[in-house]
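Listed below, chain by chain, are the residues.
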Amino acid sequence: MTASLISVMFAAIISQNIVLSQYQGICPFLGVSKKMSSAAGMGFAVIFVMAIASVFCWLAYNYILLPLEIDYLYTMAFILVIASLVQLLEMILKRFSPTLYSALGVYLPLITTNCAILGTANSVVVFNAATYSFVEAFAVSVATGVGFLLAICLLAGVRLKTDKADIPKCFKGFPITLVTAAIMAMAFAGFSGILA
Amino acid sequence: MDTLVQILLAGGIMLAIAVVFGVILVICSNAFAAQRDERVEKVENLLAKSNCGGCGKAGCAQFAEALVKGEAKLSDCRATPTANKEKIAEILGGGEIGEETVAVVHCNGGHACYNKYDYQGYGDCASCELIAGGIKACPVGCIGKKTCAGVCPYGAITVKDGGYAVVDKEKCTSCGVCIADCPKKIISRIPKSAKVFIACSNHGKGKDVMELCRHGCIGCGICAKNCPQGAIEMKNGLPEIDYSKCIGCLICVEKCPRKCIKEH
Chain X
3 MTASLISVMF AAIISQNIVL SQYQGICPFL GVSKKMSSAA GMGFAVIFVM
53 AIASVFCWLA YNYILLPLEI DYLYTMAFIL VIASLVQLLE MILKRFSPTL
103 YSALGVYLPL ITTNCAILGT ANSVVVFNAA TYSFVEAFAV SVATGVGFLL
153 AICLLAGVRL KTDKADIPKC FKGFPITLVT AAIMAMAFAG FSGILA
Chain H
158 MDTLVQILLA GGIMLAIAVV FGVILVICSN AFAAQRDERV EKVENLLAKS
208 NCGGCGKAGC AQFAEALVKG EAKLSDCRAT PTANKEKIAE ILGGGEIGEE
258 TVAVVHCNGG HACYNKYDYQ GYGDCASCEL IAGGIKACPV GCIGKKTCAG
308 VCPYGAITVK DGGYAVVDKE KCTSCGVCIA DCPKKIISRI PKSAKVFIAC
358 SNHGKGKDVM ELCRHGCIGC GICAKNCPQG AIEMKNGLPE IDYSKCIGCL
408 ICVEKCPRKC IKEH
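Quick mapping for you: the protein sequence lines, in order, are chains X and H.
Using my numbering, read the first sequence as starting at 3 and increasing by one per residue.
Using my numbering, read the second sequence as starting at 158 and increasing by one per residue.
Everything labelled a hint here was simulated from the structure, so no lab data went into it.
The beta carbon of each residue, even a glycine, is placed where N, CA and C say it ideally should be.
Be aware that one or more of the hints could be misleading.
Stated by the list, open to error - A short, non-exhaustive set of chain X residues, derived as facing chain H with CB atoms under 7 Å:
#1 Leu68
#2 Leu70
#3 Ile72
#4 Leu75
#5 Leu82
#6 Ser86
#7 Gln89
#8 Leu90
#9 Ile94
#10 Arg97
Can you make the complete structure from the sequences, with help from the hints?
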């Protein structure tokens, strides 16, 4: 159980990385990776929201949708759950931890509507319902968030360099960023052989 | 029929979930309402909201917060109209409002001031200044490469035909961004009600100034002698106007042989 959990988490962070091999969450990945500080802020916000979203989606799926036999409505229900959850979270943070709120504040509502969050919730709660227990679902979603943090911080680091590098004019900005992301994706995919 | 029931049932359940979440959110938003000082919002609404940064804070919201906490002075903000400042002072229970001022450029040299060399860069004043202290022969002459015009959040500064920067009195809110950014430090604030200002910053002797610029002050003192109110005093080769005495008769503007006292 532990071994399989570790391998699943490793896959979620590296070889099945949410951005670089599943193409989810591309928007913040490209949009917020200009500065290392904002990239890290976004990364932690993703981990935060993803972990909490999967917990509550798991509960909603197993204790509301399945008993009522409307589990085919999971996508809609999850959007509802995640959106209200983040709203609630924002209020609580604002009230009790202004420091954390000012660090994550802008990124929280931004990431709520991202496909990466919904995709992870769908994946760990519904698509893999038979294989993942509650704890595993939580662990995998945290690992997915960590994978996003890793990818966005690495890209931010490279972008800081490419911004200053002497590259052809037609490659400046997003083109070179996309090329960078492609090379990073290949590097991450190289790890997939480690897992049986 | 079955399908219809199922659709209605599914819709009803989703609606119920949504209503429950909505109610929870409303309750929580009241329960967790951040205990923000309500004065902050009131003060923020009265500020200029231009986020010019002239007060040294990141923006008007931060300035409002600092005001309420007592960490900033109302007079630090120059952009807010006096009427609004009075209201803010009322909310805060006192506070120095400060006189309404505008920025002026103390130079009218421009093309009348000789160039030391031929500048061929694309830079603004700040980069021109790095090369042998700027292109102008006068060490305090306006370079006219629009650094101030570029940073002005209100678009109040233009470099006109004269080749030196001119501040539009109506648009200027005296935020002070240009004052900080001018490499020659020849922009300063004068009262908005002022009628005249000295358009030269060179303290040099008459002959030296004449060699640099056709419009520079030569320190002859004619303005000081002719001022009926005694509001002008010669200090270190430049006239200084005491605006509390000035009545705006414009005699100094007329008498100045170099035309470097300007009507404001």
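Now for the hints, and whether the structure bears them out:
The restraint placing Leu68(X) at the interface with chain H is violated, with a minimum CB-CB distance near 12 Å, outside the 7 Å limit. Contact between Leu70(X) and chain H, as hinted, is supported at the beta carbon level, the nearest pair being about 6 Å apart and thus within 7 Å. A cut of 7 Å between beta carbons decides the hint on Ile72(X): the least distance to chain H is about 5 Å, and the hint holds. Contact between Leu75(X) and chain H, as hinted, is supported at the beta carbon level, the nearest pair being about 6 Å apart and thus within 7 Å.
Here the hint on Leu82(X) is kept, as its CB sits about 6 Å from the closest CB of chain H, short of 7 Å. Given the 7 Å rule on beta carbons, the hint for Ser86(X) holds: about 4 Å separates it from the nearest Cβ of chain H. For Gln89(X), the suggested interface contact is upheld, since its CB lies about 6 Å from the closest CB of chain H, less than 7 Å. Look at Leu90(X): its Cβ gets to within about 6 Å of chain H, closer than 7 Å, so that hint holds up.
Among the interface hints, the one on Ile94(X) holds; its C-beta lies about 6 Å from the nearest C-beta in chain H, closer than the 7 Å criterion. Taking 7 Å as the C-beta cut-off, the interface hint given for Arg97(X) holds, the closest approach to chain H being about 4 Å.
In summary, the one numbered hint that this structure violates is 1.
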